[in-house]
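Asker: Keeping their order, the protein sequence lines are chains A and B. When the letters of the first sequence are read in order and numbered with the numbering used here, they come out as residues 12 to 179. When the letters of the second sequence are read in order and numbered with the numbering used here, they come out as residues 12 to 179.
Take these hints with a grain of salt, some might be off.
Example chain A residues on the side facing chain B (calculated, C-beta under 8 Å, incomplete) [claimed, not checked]:
| hint | residue |
| --- | --- |
| 1 | 12 |
| 2 | 13 |
| 3 | 14 |
| 4 | 93 |
| 5 | 95 |
| 6 | 134 |
| 7 | 138 |
| 8 | 147 |
These are calculated hints, taken from the structure and not from any lab test. For every residue, glycine included, the Cβ atom is placed at its ideal position computed from N, Cα and C.
Given next are the chains, with one letter for each unit.
There are 2 protein chains.
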Amino acid sequence: MSLSMYQASIPVFIHMMGNLSAILEKAAGYATAKKIEPSVLVNARLAPDMRPLSFQIQVASDLAKGCAARLAGIDAPSMPDTETTFPELQERIAKTIAFLKTVSAAQVDGSEEREIVLKLRGQETKFKGQPYLLTFALPNFYFHITTAYAILRHNGLDIGKSDFLGVR
Amino acid sequence: MSLSMYQASIPVFIHMMGNLSAILEKAAGYATAKKIEPSVLVNARLAPDMRPLSFQIQVASDLAKGCAARLAGIDAPSMPDTETTFPELQERIAKTIAFLKTVSAAQVDGSEEREIVLKLRGQETKFKGQPYLLTFALPNFYFHITTAYAILRHNGLDIGKSDFLGVR
Chain A
12 MSLSMYQASI PVFIHMMGNL SAILEKAAGY ATAKKIEPSV LVNARLAPDM
62 RPLSFQIQVA SDLAKGCAAR LAGIDAPSMP DTETTFPELQ ERIAKTIAFL
112 KTVSAAQVDG SEEREIVLKL RGQETKFKGQ PYLLTFALPN FYFHITTAYA
162 ILRHNGLDIG KSDFLGVR
Chain B
12 MSLSMYQASI PVFIHMMGNL SAILEKAAGY ATAKKIEPSV LVNARLAPDM
62 RPLSFQIQVA SDLAKGCAAR LAGIDAPSMP DTETTFPELQ ERIAKTIAFL
112 KTVSAAQVDG SEEREIVLKL RGQETKFKGQ PYLLTFALPN FYFHITTAYA
162 ILRHNGLDIG KSDFLGVR
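Chain A extracted, bound-state conformation (with noise of 0.2 Å):
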């Protein structure tokens, strides 16, 4: 078995995203034992301008999804960007764990030299399916994962490497 796009990209997304719902569970479960309003970690940000947790979440799923369709060639489902609350944001990820799971490695496999092409900073960015997962996709997500592990865990929640790695 060799290397392949799909193993490279879906099952990690889908494993990550699921990792991210499980620390914002921890999230919740904290805010209620500590009598801290939801609100004040859901817009909580490690820098005045940086961008808050839900806002992390939101483009960790955009990437995801985004990835996921642009190699496949499909559409990704449109998500507004609305989720204020840990509820909504679980089902923003619920929803993103469900669209990935439709996508085959039929759809994926082979999309190395696929053209994509991004709009970036209001410019359009062209990239083939290889560079465009390694060098893009897949730093950006693991940087808003990790952005939103560090906010939560800046806050004073109790996780460890092993709550973003999923080893259970």
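Given the coordinates of chain A, work out where chain B should sit on it, guided by the hints.
Answerer: Chain B in isolation, oriented as in the chain A frame:
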């Protein structure tokens, strides 16, 4: 050209370690400009029980060189985690990149099924090469690079996503 174990690992590590080096360069310049004692940044953390910036870089280095070596079936150079200054951290990164550049596609390709044995929390854990790369080494590597970024961003360094992704 189809995705290979080499392409999904070594060039990714080299690219991201280079981005990390450029971010640390900015951090050193920021310390000078703002008359911040550099060790304040080198020892900065996001939470009292999280590890400092220096550790994030040491572990990112360990993950990159460890993964490269394990997939290639060779030994990684030992680096004893003694760095306490920006120049020392830069040297650590440079040595890591220099090692990564010695690892060839011929050594790494075909390592999907290679047995990898790690000691995690004192216990032997066995992986095959592909899940080791996709579910352990890469997420872990990105976790520490992003955490280094987040520590510096939280401490006022003016960096953005393009620094993280290395889009110049």
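Asker: A separate judgement is required for each hint: does it hold in the structure or not?
Answerer: Here is how each hint holds up against the structure:
no. : hint : in the structure
1   : 12   : holds (6 Å)
2   : 13   : holds (6 Å)
3   : 14   : holds (5 Å)
4   : 93   : violated (23 Å)
5   : 95   : violated (23 Å)
6   : 134  : violated (11 Å)
7   : 138  : violated (11 Å)
8   : 147  : holds (7 Å)
The earlier numbered hints that this structure contradicts are 4, 5, 6 and 7.
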